[in-house]
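Q: Sequence:
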Amino acid sequence: MRGPDAVATAAAVRNGDTDVRTVTEEAIARIEQLDPGLNAVVHTRFEAARSEVDAGLPEGPLHGVPMLVKDLGTEVAGLPATGGSRLFAGLTARHDSELVARYRRAGAVVLGTTNTPELGLNASTEPALFGPTRNPWNTGHSPGGSSGGSAAAVAAGMVPVAHASDGGGSIRIPAAACGLFGLKPSRGRVSPAPRPTTLSGLVSGHHALTRTVRDSALLLDVAAGALHGDAYAAPQPAAPFAELARREPGRLRIGLITGLPDGPDVHPDSAGAARAAGLLCERLGHEVVETTARYRPDDVGRTSGTLMGADLVVQIDARLDLLGRPLADDDIEPFTRILYEAYRGLPAPDVSRALRRAQEIGWEVGAAFHEFDVLLSPTLAQPTPPLGALDTAAPESIYRHASTYSAFTSVYNVTGMPAMSVPFGHDHEGLPLGVQFAAPLGGEGVLLALAAQLEQAAPWGCPPAPERP
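For the record, in the sequence shown the residue sitting at position 394 is 747 according to the numbering used here, with numbers rising by one throughout.
Heads up, a few of these hints could be off.
Label pairs and their computed distance ranges (CB to CB) [unchecked claim]:
no., residue 1, residue 2, range
1, 549, 703, 16 to 22 angstroms
2, 814, 643, 27 to 33 angstroms
3, 549, 811, 37 to 43 angstroms
FYI, nobody ran anything at the bench for these hints, they're computed from the structure. Cβ atoms here follow ideal geometry from the backbone N, Cα and C, with glycine treated the same way.
All chains should be built: construct the whole structure from the sequences, respecting the hints.
A: Here you go:
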């Protein structure tokens, strides 16, 4: 049922082996068949997409490639822009976000939007508005979050690629949970326009979830580039990312981290995957040296939490101002309300302190790259949780478990450094495991080249087809 990747799809259309309408109809059929068992797609625009195909698409590098867009922070004209929240359920996007416009200019066929936890505030995708998304590998388990809908759709084979975003691990966590490749780019690599938030500039990064490394590189070439006036801009790459992904990475010095100071327990499956990936890197000619993390997860969590909390208050208050009413009891989920109430009285100096601390953490973690080219760790400290373990209707469960799933990922949002999750083996229940590699700011080319090398040396598989409910 799973079709070719985006690169192969675009090549087949370009070579005349198929046509865009056929590719589009096949993707629509896969969504209609597979999504009832997974709940990954929340809004569709099939007729609009058909009309666009019939009118003719731009002859760009994604010409004819079907894709989905995450329903958070990036908008598709004419579709609801809910962020997984009942408070925003009545909001319809009037224009495409800049990133969606870039996808369209490259010839992509946007078929709809994917599920996300409320306002992206969870490492699992279980919003009250749309209900939980299920992991194609085991439908009783989470697909991760907050890009869980995109991950499930790509892993199941509905579309070859889907947009995703990452404010604390939200590309890499679902990539690990669903056996996909997920790269969070450097701060400023992809413009957040037109949604100005503290997160979009400081800790969040837009990109994609893909099955292949070459697809990620191609989409990054399409997406990358600052707009005039963007607050941040990443260093220009030496060559297109698609070309960098095809180059040999050279002999890298890799720092291996399998535990965190004062951090959560790391499951033997997770640590074992990182060690096994290190051994493979050694066989490929790299030098791997065990090292210790230069941050504490609780410190990163406090810093990130302050910035995310302040932004959450601004986001909710702006929506209430537009609606002209106060917050109602059922507007937001219990966990979101706790955060809103906790941060709505946050003193301005606390935000400034968090911004200063974020820079200090960047320098502290960045010092490791004087010694290493790349850092390697598990993506997740614990295997993928069952659905319900991170249910935001039960805040006590969130507080008990949520930080575990971002312990290795969130630091690279705070520092702005690129990081990727690479599929690497399976846990004791047969669910995918991911290992994370991080590089200095602007180091996506090194990461992509290494990922392509690992992909060839240890190809990752795909899940069984989900059953219909």
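Q: Now tell me if each hint is right for this structure.
A: The hints, checked one at a time:
1. 549 with 703: 16 to 22 angstroms: holds, 21 angstroms
2. 814 with 643: 27 to 33 angstroms: holds, 29 angstroms
3. 549 with 811: 37 to 43 angstroms: holds, 41 angstroms
Checked against the numbered hints listed earlier, the structure breaks none of them; every hint is satisfied.
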